[in-house]
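Use these hints to put chains V, X and D onto chain Y, whose structure you have.
In order, the protein sequences belong to chains Y, V, X and D. Throughout, this note's numbering is defined as the position within the first sequence, counted from one, plus 67. Throughout, this note's numbering is defined as the position within the second sequence, counted from one, plus 67. Throughout, this note's numbering is defined as the position within the third sequence, counted from one, plus 67. Throughout, this note's numbering is defined as the position within the fourth sequence, counted from one, plus 67.
Note that these hints are calculated values from the structure, not bench results. Misleading hints may appear alongside valid ones.
Each pair may be met inside one copy or between any two copies, as identical chains are not told apart.
[As the list claims (entries may be wrong)] The list that follows gives simulated cross-link-like pairs (lysine-lysine, DSSO-like), each with its CA atoms no further than 27 Å apart:
hint: 1; residue 1: Lys246; residue 2: Lys396
hint: 2; residue 1: Lys90; residue 2: Lys349
hint: 3; residue 1: Lys140; residue 2: Lys349
hint: 4; residue 1: Lys140; residue 2: Lys225
hint: 5; residue 1: Lys225; residue 2: Lys181
hint: 6; residue 1: Lys140; residue 2: Lys90
hint: 7; residue 1: Lys246; residue 2: Lys181
hint: 8; residue 1: Lys269; residue 2: Lys140
hint: 9; residue 1: Lys349; residue 2: Lys225
hint: 10; residue 1: Lys246; residue 2: Lys225
hint: 11; residue 1: Lys396; residue 2: Lys140
hint: 12; residue 1: Lys181; residue 2: Lys396
hint: 13; residue 1: Lys349; residue 2: Lys181
hint: 14; residue 1: Lys225; residue 2: Lys269
hint: 15; residue 1: Lys269; residue 2: Lys349
hint: 16; residue 1: Lys140; residue 2: Lys246
Model, not experiment: these values are computed from the prediction.
4 protein chains.
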Amino acid sequence: MVVVMHHGASDAEIDQVCDSIRKRGLEPLLMPGNTMAIGIPSSIPPDVREPLGQILQILPGVDSVTHVSRSYKLASREFHPADTIVDVGGVRFGQPNVTVIAGPCSIEGYDQLKATAETVQRAGATVLRGGAFKPRTSPYSFQGLAEEGLRIMQQVGKETGIRTISEVMSPDMVETVAKHVDILQIGARSMQNFPLLIEAGKSGHPAMLKRGPGATVDEFLLAAEYLLANGNQNVILCERGVHPLDRTYTRNTLDLAAVPVLKEYSHLPVVVDPSHGTGKAKYVPAMCYAAIAAGADGIMVEVHPDPRESLSDAAQALTPALFEQMMEKLRGFVASAGRSLSRIEARA
Amino acid sequence: MVVVMHHGASDAEIDQVCDSIRKRGLEPLLMPGNTMAIGIPSSIPPDVREPLGQILQILPGVDSVTHVSRSYKLASREFHPADTIVDVGGVRFGQPNVTVIAGPCSIEGYDQLKATAETVQRAGATVLRGGAFKPRTSPYSFQGLAEEGLRIMQQVGKETGIRTISEVMSPDMVETVAKHVDILQIGARSMQNFPLLIEAGKSGHPAMLKRGPGATVDEFLLAAEYLLANGNQNVILCERGVHPLDRTYTRNTLDLAAVPVLKEYSHLPVVVDPSHGTGKAKYVPAMCYAAIAAGADGIMVEVHPDPRESLSDAAQALTPALFEQMMEKLRGFVASAGRSLSRIEARA
Amino acid sequence: MVVVMHHGASDAEIDQVCDSIRKRGLEPLLMPGNTMAIGIPSSIPPDVREPLGQILQILPGVDSVTHVSRSYKLASREFHPADTIVDVGGVRFGQPNVTVIAGPCSIEGYDQLKATAETVQRAGATVLRGGAFKPRTSPYSFQGLAEEGLRIMQQVGKETGIRTISEVMSPDMVETVAKHVDILQIGARSMQNFPLLIEAGKSGHPAMLKRGPGATVDEFLLAAEYLLANGNQNVILCERGVHPLDRTYTRNTLDLAAVPVLKEYSHLPVVVDPSHGTGKAKYVPAMCYAAIAAGADGIMVEVHPDPRESLSDAAQALTPALFEQMMEKLRGFVASAGRSLSRIEARA
Amino acid sequence: MVVVMHHGASDAEIDQVCDSIRKRGLEPLLMPGNTMAIGIPSSIPPDVREPLGQILQILPGVDSVTHVSRSYKLASREFHPADTIVDVGGVRFGQPNVTVIAGPCSIEGYDQLKATAETVQRAGATVLRGGAFKPRTSPYSFQGLAEEGLRIMQQVGKETGIRTISEVMSPDMVETVAKHVDILQIGARSMQNFPLLIEAGKSGHPAMLKRGPGATVDEFLLAAEYLLANGNQNVILCERGVHPLDRTYTRNTLDLAAVPVLKEYSHLPVVVDPSHGTGKAKYVPAMCYAAIAAGADGIMVEVHPDPRESLSDAAQALTPALFEQMMEKLRGFVASAGRSLSRIEARA
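Next up, chain Y with everything else stripped away, as it sits in the complex:
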């Protein structure tokens, strides 16, 4: 931590800052330029360090306080240098695999989901997505089939062998969702739903955490830290776009540089969701290729048997034909990236 004093700070003000630091067992170093460096040994817990930073800011004579150390730990590569491979019933997320998750925005019925599962599996996807509980901006939009949707997904998973993912929106539903699907999805709007993160953490069930549209990388990794700190090692990160400059052409701005950033600072696998990241089906293939080229461990894509009849997010769903074309071309990029598409192995 570094404390910069105002140019004209008095000796008494400097002393008060030093005292506040020493009171917490730390030692300030006074440097040229009225700057005070405070070494924080890693033995000092974050719950001492963080309030100290806040308190120093309000002492008289203080110009600014800058934290220089990362505040996540279990999610960091320093703590866990090797890549984490998350095994989801025999489908692996992490080097050298590229795992493709595909399926409709919402589960609308057995026939729709079964047809989609067969299509996407044939084209190379190993995980089926589909929402049963839907977070909708408007209370008047289709809210999903709820538990009935989960049962359909479980059945389709059994019949086809494809692995499954569906969103959980509140802590009391974690157990139910985990019973029916292979991966819990924590949606972008729930990224800082801390009671939900804690329950999903305790469940130990594989969980994919989507980045909130306004979340910095640090906030994203601290949300992952909630899952890890509550005992869940099976965490997959998902970049899905941040707030756009405007929404004329895309719904979000897909932040693909987050892929190499997350791979450098964290050991967790990283998936990219270009469907939400752009909000327009026509831009999804280009962004899938780009995600793989950027080093992503997987992609998540919305596919609907007939988007024109879709109950939600029609504009961002690929048709089966377009998904197949995309997967065809994707294989070249996967190979250029020195990787291969994941397969479904037998469940452990």
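Using the frame of chain Y, we list chains V, X and D on its own:
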């Protein structure tokens, strides 16, 4: 809704768009410039209109689809032209009152809360804030006293007569929090926690909804719509800052123009929280004055008996002395705005 | 400056960082937590410090480099503790004055400008705004009357006594614009037009620098630094809104907290432009009051004799009647802020 | 254009809106939901249409005005359906070429530039970049070698055969820069420097326009429109990152989805600059691969013979060795994209 066709769109493409529109009982009007206007009578429910917009986007030959009607209804001034006055146990939010909510970030104990309540009440605040369940970015930060905190707040409320507000973070805690405090706070990070909004809506308990840092005004009012549509008429809006360009000087960008915007398009009272909006105690007084000048119905301010000993958000808490000075000067701005500070009347 | 090494950085890597620092005559301090603090004496010029920060980032083993000192100097309050009062031909910007600048977006002709000048002066404005060279997003929009506009403005200034401001868009026009008007306006889109800043700096003519819509406070003050470092002490800052989350209701997000931030870190007067800051006339009065309450030294407001006939920015111009009403109510807020409207004194 | 009236708008208000529209020779269509659609025949020039939109917004009873047509024309694919291929002295930008531009941030001297040119050319680059006039945020940073730099670049171009690009910052320097280099670079901070765009347009010299960090796609294409409307058909677009959520890990957020968006709506070639887009050399290779996969027509990369001795932007420059490795791997992605690296053909 307006559909713009690509310049070279074929007649067949135009026909297909028209057919899709007519299939939903609506009538397209073809205008010069290959633009198709679709009048949406208010009798057409949003759950027909919204998917239609998505579906039209993916038809061949379509350039863009623009929604021109607002998607919130109960929250809109069109639906409810007169200002809503929310009465919270005798304290009113709405014209001509300016209601001041003040108190610590977190409830740390009885003595801290009681001392703060007495201070802020003496200076003109009529509602006491204080977190019992704390949404913290890091799992290692102080997480609050939970139900013990709520009991302390209820006791302090009884002893001093001040009304109370505290945050609720998950749907299963709505009933508990509502039992102990006068106003449920839905935090910024929970603005789109839809299961929570639904429960808080059903409770009918006065609720203050904070704007998410990345939420547009429409998304904010649609979140309020969840509360209203589930039966809660006692909704207070709170602007607390949006994502900043950078965080060197402030933690968020307080969007004060949202005050007149919200007052124009909605009938709900609007409170401003400059403590979170800036994240720095030193900027809070100026932003409180500005909020009142901008037309806010109230302000929410963090005050701590000794910020240097605060367990959370020390940097943004005013000392009792600074709060009193601020309230002194605030009275002039309240008068210039043609308003007066609210008082605590007997509970109905 | 603080350099944080990666957790597993080797001694050789740490040594290389230390060597690079020492090579520039600075001394690194190694602290617990693999952090290296580098005190930068104020005698070290920015052109040594800044490249050093860049270079350290790419050395092996380095996690992050954080600058903790401010990079502006002449614009800083540390360098110049007292408020700067800019005197523009007898009109003062700075405590205790509140200076009101008003006028049309574009100068459209003598009659339009003269009528506006008389109206706004009568209501309390002391500076007349009006664009002769217009920066327009589209090449097809009205581009202004150019030098003819400047001549009209000079004439109206002479006839009414009001002081004048108009925008200059390129370095070769600085002299011409300075000859005709009292204040050079550097527009938001020119905030980092460095050749223009250098010329406007050399001219010494009073200059109002508008904040770019994406500019951080540091970038804004560094742009002011260009003016100051080239010899111009008569610099006025203008906050006019930053990029909005969306443009449905306002064109920009007016960042009023920038007012107290700028007043703390800089000695220069700060004006707020709610016309561009919101883009909607109906929100301008509320934001003018809020700007004054926030501590601004002035406001800049678009007024047009008949906005329905305006050639540019009609949506954000007040009518004369609305401007008068606004000024009436503004006086209360000016008084509550302990200030008074500036007057036109004789030219020095 | 669509005008939505407030719910309770009176007949007189609706009539006034209709009259304003008819006054400009246009015909309003009143639709259900109090919405008025105005078809704008393409024969109506933008300078009639745009002020009309502004004026309608301020009429009583109007809720909102929405433009649905694009405001750029020459830059649009509707106007020019086929891809534009820009030929720069025998190096082509546009399908099926991928053109690599590489070189130092600043030209520091003959030896530095010559060595870099040889390195990057050997590895596959066909255009050499290097700044002579440098836009620097701080007045105290290295400002470039000016015309001396241009002469060095011209000489190196002659000696090696590589084509050249350098930035021009003010309208009066367009001729000089065009004399020395093959492509004029209009920097991100100059994207809306309209006098500069007009001069660069008139010159007809190949020009690469960088997207401003806060510019929407429409603003970007309107800036290109200035070049085209002033007679320059040789325009190359460059995406270089937009304002980031925070700057902890990257300097900007590279908006790669802008590539397919720009390719859909415009016929101009699109280059991506991951060096500025990320600000960190270590993320540049991943973003180069992703840019190609996203469909870019080229990349622009900073390379310095020894970044540790660089006078500017050291943190984002690749070493020659890293550039060579990157180019090696890039070839795979270029092939997967169905393209090939451009070559230097004889000048026409």
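Any of the earlier hints contradicted here, and which numbers?
-> 1, 4, 9, 11, 15, 16
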